[in-house]
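Protein chains: 2
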Amino acid sequence: MAGNKIAPIRLDVRHMFAASLGRGLGLSAGHLERIKPLAATVHDDLVRQRRRGELLIHRLPQQQDTGPVKRVARRLRRTVQDLVVLGIGGSAPGAVALQTALCPPFYNLLPDAKRKGPRLFVMDNVDPDTFAALLDLLRGREVAVNVISKSGGTAETMAQFMVVYHRLKRQLGPDKLRERLILTTDPSSGNLRRIAQEEGLTALDVPPAVGGRYSVLTPVGLLPAATVGIDIDALLSGAGAMARRCSKADPVANPAYALGAALHLADAALGRRVHVLMPYADGLRQFAAWYAQLWAESLGKRYDRSGREVNVGPTPVAALGATDQHSQLQLYMEGPLDKVVMFMFVESFRRKVAIPKVFRAIDGLSYLGGHDLGRLLQAEGFATRAALTQAGRMNLTITLPAVDAPSVGQALMLFEAATVFAGGLYAVNPLDQPGVELSKKLTYGLLGRPGFEDYAARVPTDMRFKN
Amino acid sequence: MAGNKIAPIRLDVRHMFAASLGRGLGLSAGHLERIKPLAATVHDDLVRQRRRGELLIHRLPQQQDTGPVKRVARRLRRTVQDLVVLGIGGSAPGAVALQTALCPPFYNLLPDAKRKGPRLFVMDNVDPDTFAALLDLLRGREVAVNVISKSGGTAETMAQFMVVYHRLKRQLGPDKLRERLILTTDPSSGNLRRIAQEEGLTALDVPPAVGGRYSVLTPVGLLPAATVGIDIDALLSGAGAMARRCSKADPVANPAYALGAALHLADAALGRRVHVLMPYADGLRQFAAWYAQLWAESLGKRYDRSGREVNVGPTPVAALGATDQHSQLQLYMEGPLDKVVMFMFVESFRRKVAIPKVFRAIDGLSYLGGHDLGRLLQAEGFATRAALTQAGRMNLTITLPAVDAPSVGQALMLFEAATVFAGGLYAVNPLDQPGVELSKKLTYGLLGRPGFEDYAARVPTDMRFKN
Numbered sequence: 103m104a105g106n107k108i109a110p111i112r113l114d115v116r117h118m119f120a121a122s123l124g125r126g127l128g129l130s131a132g133h134l135e136r137i138k139p140l141a142a143t144v145h146d147d148l149v150r151q152r153r154r155g156e157l158l159i160h161r162l163p164q165q166q167d168t169g170p171v172k173r174v175a176r177r178l179r180r181t182v183q184d185l186v187v188l189g190i191g192g193s194a195p196g197a198v199a200l201q202t203a204l205c206p207p208f209y210n211l212l213p214d215a216k217r218k219g220p221r222l223f224v225m226d227n228v229d230p231d232t233f234a235a236l237l238d239l240l241r242g243r244e245v246a247v248n249v250i251s252k253s254g255g256t257a258e259t260m261a262q263f264m265v266v267y268h269r270l271k272r273q274l275g276p277d278k279l280r281e282r283l284i285l286t287t288d289p290s291s292g293n294l295r296r297i298a299q300e301e302g303l304t305a306l307d308v309p310p311a312v313g314g315r316y317s318v319l320t321p322v323g324l325l326p327a328a329t330v331g332i333d334i335d336a337l338l339s340g341a342g343a344m345a346r347r348c349s350k351a352d353p354v355a356n357p358a359y360a361l362g363a364a365l366h367l368a369d370a371a372l373g374r375r376v377h378v379l380m381p382y383a384d385g386l387r388q389f390a391a392w393y394a395q396l397w398a399e400s401l402g403k404r405y406d407r408s409g410r411e412v413n414v415g416p417t418p419v420a421a422l423g424a425t426d427q428h429s430q431l432q433l434y435m436e437g438p439l440d441k442v443v444m445f446m447f448v449e450s451f452r453r454k455v456a457i458p459k460v461f462r463a464i465d466g467l468s469y470l471g472g473h474d475l476g477r478l479l480q481a482e483g484f485a486t487r488a489a490l491t492q493a494g495r496m497n498l499t500i501t502l503p504a505v506d507a508p509s510v511g512q513a514l515m516l517f518e519a520a521t522v523f524a525g526g527l528y529a530v531n532p533l534d535q536p537g538v539e540l541s542k543k544l545t546y547g548l549l550g551r552p553g554f555e556d557y558a559a560r561v562p563t564d565m566r567f568k569n
Numbered sequence: 103m104a105g106n107k108i109a110p111i112r113l114d115v116r117h118m119f120a121a122s123l124g125r126g127l128g129l130s131a132g133h134l135e136r137i138k139p140l141a142a143t144v145h146d147d148l149v150r151q152r153r154r155g156e157l158l159i160h161r162l163p164q165q166q167d168t169g170p171v172k173r174v175a176r177r178l179r180r181t182v183q184d185l186v187v188l189g190i191g192g193s194a195p196g197a198v199a200l201q202t203a204l205c206p207p208f209y210n211l212l213p214d215a216k217r218k219g220p221r222l223f224v225m226d227n228v229d230p231d232t233f234a235a236l237l238d239l240l241r242g243r244e245v246a247v248n249v250i251s252k253s254g255g256t257a258e259t260m261a262q263f264m265v266v267y268h269r270l271k272r273q274l275g276p277d278k279l280r281e282r283l284i285l286t287t288d289p290s291s292g293n294l295r296r297i298a299q300e301e302g303l304t305a306l307d308v309p310p311a312v313g314g315r316y317s318v319l320t321p322v323g324l325l326p327a328a329t330v331g332i333d334i335d336a337l338l339s340g341a342g343a344m345a346r347r348c349s350k351a352d353p354v355a356n357p358a359y360a361l362g363a364a365l366h367l368a369d370a371a372l373g374r375r376v377h378v379l380m381p382y383a384d385g386l387r388q389f390a391a392w393y394a395q396l397w398a399e400s401l402g403k404r405y406d407r408s409g410r411e412v413n414v415g416p417t418p419v420a421a422l423g424a425t426d427q428h429s430q431l432q433l434y435m436e437g438p439l440d441k442v443v444m445f446m447f448v449e450s451f452r453r454k455v456a457i458p459k460v461f462r463a464i465d466g467l468s469y470l471g472g473h474d475l476g477r478l479l480q481a482e483g484f485a486t487r488a489a490l491t492q493a494g495r496m497n498l499t500i501t502l503p504a505v506d507a508p509s510v511g512q513a514l515m516l517f518e519a520a521t522v523f524a525g526g527l528y529a530v531n532p533l534d535q536p537g538v539e540l541s542k543k544l545t546y547g548l549l550g551r552p553g554f555e556d557y558a559a560r561v562p563t564d565m566r567f568k569n
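The listed protein sequences correspond, in order, to chains W and U. Numbering of the first sequence is given in the numbering used here, commencing with residue 103 and proceeding in unit increments. Numbering of the second sequence is given in the numbering used here, commencing with residue 103 and proceeding in unit increments.
FYI, nobody ran anything at the bench for these hints, they're computed from the structure. Accuracy of the hints is not assured; some may be wrong.
One copy or two, either will do: identical chains are not told apart, so a pair holds if it fits within one copy or between any two.
What the hints assert, rightly or not - In silico lysine-lysine, DSS-like type, Cα no more than 25 Å apart, as pairs:
no., residue 1, residue 2
1, Lys-107, Lys-568
2, Lys-172, Lys-278
3, Lys-350, Lys-107
4, Lys-107, Lys-172
5, Lys-459, Lys-568
6, Lys-459, Lys-543
7, Lys-454, Lys-271
8, Lys-218, Lys-454
9, Lys-454, Lys-216
10, Lys-568, Lys-454
11, Lys-218, Lys-172
12, Lys-172, Lys-216
13, Lys-459, Lys-271
14, Lys-138, Lys-350
All of these numbers come straight from a predicted model, not from anything done at the bench.
Kindly generate the complete structure, drawing on both the sequences and the hints.
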């Protein structure tokens, strides 16, 4: 699919401005003027990082060999009924977002004949009740397991892996195990790579320069997606088209810069530190969760690039329209002026559900008859946007032609590129996560990992259960 | 089950205080002293409201006749394979929270023989792709539909209802329709009640004094729960035990007052306006979503009780441990000092999944062997709490003996009672939601509802799609 045939997703930031919201309630021309030099510097810096290969995300759609992913996916679709993904953090929400957006609703409940691939179970936690129930559910089924950890050392994923490896090896024998276990990890380093080499397991590469939370368009997200029948070429075409738009220097032509700058300025200049993503489509509910991990972990930082303590970072919130109009909207309309609401609207749905003209004699219901659910959902979105705007509440809109592979590919790339740009504006490193190390080390200490003995003592016994 | 045999859930607010976190980073004795008179006034006010019957939540566990719910649930469990709940806002998340916490994981995927009741589909949105897929999925199945709207006028729920009513009536005929359609609504007013009366449909009552978001322990949550085999007596016993604790005047003995005051003070005195609920159990993931709607809509208010414009309200965030340690924790550890993290820990899980001693030669993995997943999950929680505490970040802990009906009942009541108490401290009405009216009226305008013509013009045509 050629990039120029892709229906573009659109960004509308008009209602981020005081001209729409009222004096003092939105951004002004002055805000934009003042940030221009910084934005230009950040752009130059990103161009340099891309040339040096330190920032790879823009290149993934075009320069990635998807051959290995497609071969493995084809084999799995032929041979297994269930695919289990073991992964956490950046390794899980991308696959979940793709599956929920691009497979039919209730995917795992459909009979085998109505699915294009195996059922998919993304296990992003170590809750024993869930994991034991999964093992029960898989009994007697043909199962493949995709273990995803870039470092090969993630405690949760490795623990799950050890449980599954032990069982599969016993059940299938070492030969069949090799067909059913796929490790997605760093091309050369880490324990998962070592195990893949020692045991001759299939392994797929996560490019070293792509961090976990930016990895949805690598085999991390692409293998599960291709296995459940998603058109990953269309997905990557969409992402590639957006990557081209997001390479431009001019923020007006570059939606990632417009998005990143609007959100950064809302926080830095006006204290709008809660950034809500509210799609009006069930299929994008998990996209919002994917955004939440990307935005939080990339921008929430103690130190800026120069080592100054800054403690910055917006709080992302994943919402869903119209559902959360009856849950969060009261707060968004009337609470503190600390939020930006990002709407995601969808122009056309796959299905049409007409509302029949029943209860014609009942005043409060008859107006609904003759409409359809898609139109109702859209009207609710427009109404909520107008209400927030009229209340002087900052909001912006991303419009997708449809919830399809090209649009979702564009949306993923838009947010990834906006995140690295916003990182530049916040003057933090959007690619690291130093703040999670202490918790990891304390866990190692509690579990008796050699070398971490001192950390156990840092969790006082009155802060644990007795067992 | 007698209330005194219920294993109590525990609240630990030690790490909300400067004594644990460091000077200026937490609450002080002075904060507590200064809020005492206000807390006493709020308590007196709540006692008055309860006596006058304006505040019913504490009474629901003891004084509710669950006979009608149990009779309908028993009939449905005998006769149907699928139960569809149509509801949005307060009418949906309670049922979802109960089902995910108290039914086996992957409930809808289990074969009929392994479930205690029908599959459950809670339809909390009007996305046509989801709704059409649901209708496909239900083809050839024995289905019941529970329509929940206290007012009987919720546009989304009524639209869904009209679609389903039309189909069911055609497919089943009017007699069987009466068995399969259950309306949960106000006892005397509204369109749903009127339809129930005119068509002789089964209807269950939502007590007029209980608002949607506080309704999980009325037929709104109890009918779906009982139908999928949840022990609603045990649930209500737990809630009743907590209601007794939450009736005491002394904040030390009353966990709702301790919780509400700690969170309110964190916001009002120290600017901790983001209140994260982070359970360490998959079964409580949707409990956190239930909390988010309760907290946001109850406390996010423009005007205080005296009519002064205040624009207050904390932002609730639903997280999940250990998953979000790899997603949100970076922000919680290093971002702005604007959050409280509420942990929910679980003392014992239902299942045990041992981590086998494989890969003994690999340094970074061998320490995991011999532990089990539950212990790993708990250790991660303790480690994360210790890390946040050592970083001077406010946090509190709610510990559940287990994810079972008595504990979940207690937790629901704890948060409901804490919400109304916090409403008193914020000096707002925690039972209303005036801020969502404009969006509703604009939607009516866009859909051509008579009487709302003027509102259509308030959504400019360049703010809608052309169709």
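Against the structure, the hints come out as follows:
Taking the shortest alpha-carbon separations for Lys-107 and Lys-568, only the inter-copy value of 22 Å comes in at or below 25 Å, while the best intra-copy value is 62 Å. In this homomeric assembly, Lys-172 and Lys-278 come within 25 Å of each other (Cα to Cα) only inside a single copy, at 20 Å, whereas the closest approach across copies is 50 Å. Taking the shortest alpha-carbon separations for Lys-350 and Lys-107, only the intra-copy value of 19 Å comes in at or below 25 Å, while the best inter-copy value is 67 Å. Taking the closest pair of Cα atoms, Lys-107 and Lys-172 come within 25 Å of each other only inside a single copy of the chain (24 Å); across copies the shortest separation is 58 Å, beyond that limit.
In this homomeric assembly, Lys-459 and Lys-568 come within 25 Å of each other (Cα to Cα) only across copies, at 24 Å, whereas the closest approach inside a single copy is 62 Å. For the identical chains of this complex, Lys-459 and Lys-543 are inter-copy neighbours only, at 21 Å across copies versus 62 Å inside a copy, given an alpha-carbon limit of 25 Å. Taking the shortest Cα distances, Lys-454 and Lys-271 sit within 25 Å of each other only across copies (20 Å), while inside one copy they are farther apart (47 Å). Within a single copy, Lys-218 and Lys-454 get their C-alpha atoms as close as 22 Å, which meets the 25 Å cut-off; across copies the closest is 34 Å, which misses it.
For the identical chains of this complex, Lys-454 and Lys-216 are intra-copy neighbours only, at 20 Å inside a copy versus 35 Å across copies, given an alpha-carbon limit of 25 Å. Within a single copy, Lys-568 and Lys-454 get their C-alpha atoms only as close as 56 Å, which misses the 25 Å cut-off; across copies the closest is 17 Å, which meets it. Taking the shortest Cα distances, Lys-218 and Lys-172 sit within 25 Å of each other inside one copy (14 Å), while across copies they are farther apart (41 Å). Taking CA atoms no more than 25 Å apart as the test, Lys-172 paired with Lys-216 passes inside one copy only; the shortest distance there is 21 Å, against 37 Å between copies.
Proximity of Lys-459 and Lys-271 under a CA criterion of 25 Å is satisfied inter-copy only: 14 Å between copies versus 59 Å inside one chain copy. Taking the closest pair of Cα atoms, Lys-138 and Lys-350 come within 25 Å of each other only inside a single copy of the chain (14 Å); across copies the shortest separation is 58 Å, beyond that limit.
Hint check: no violations occur; every hint is consistent with the structure.
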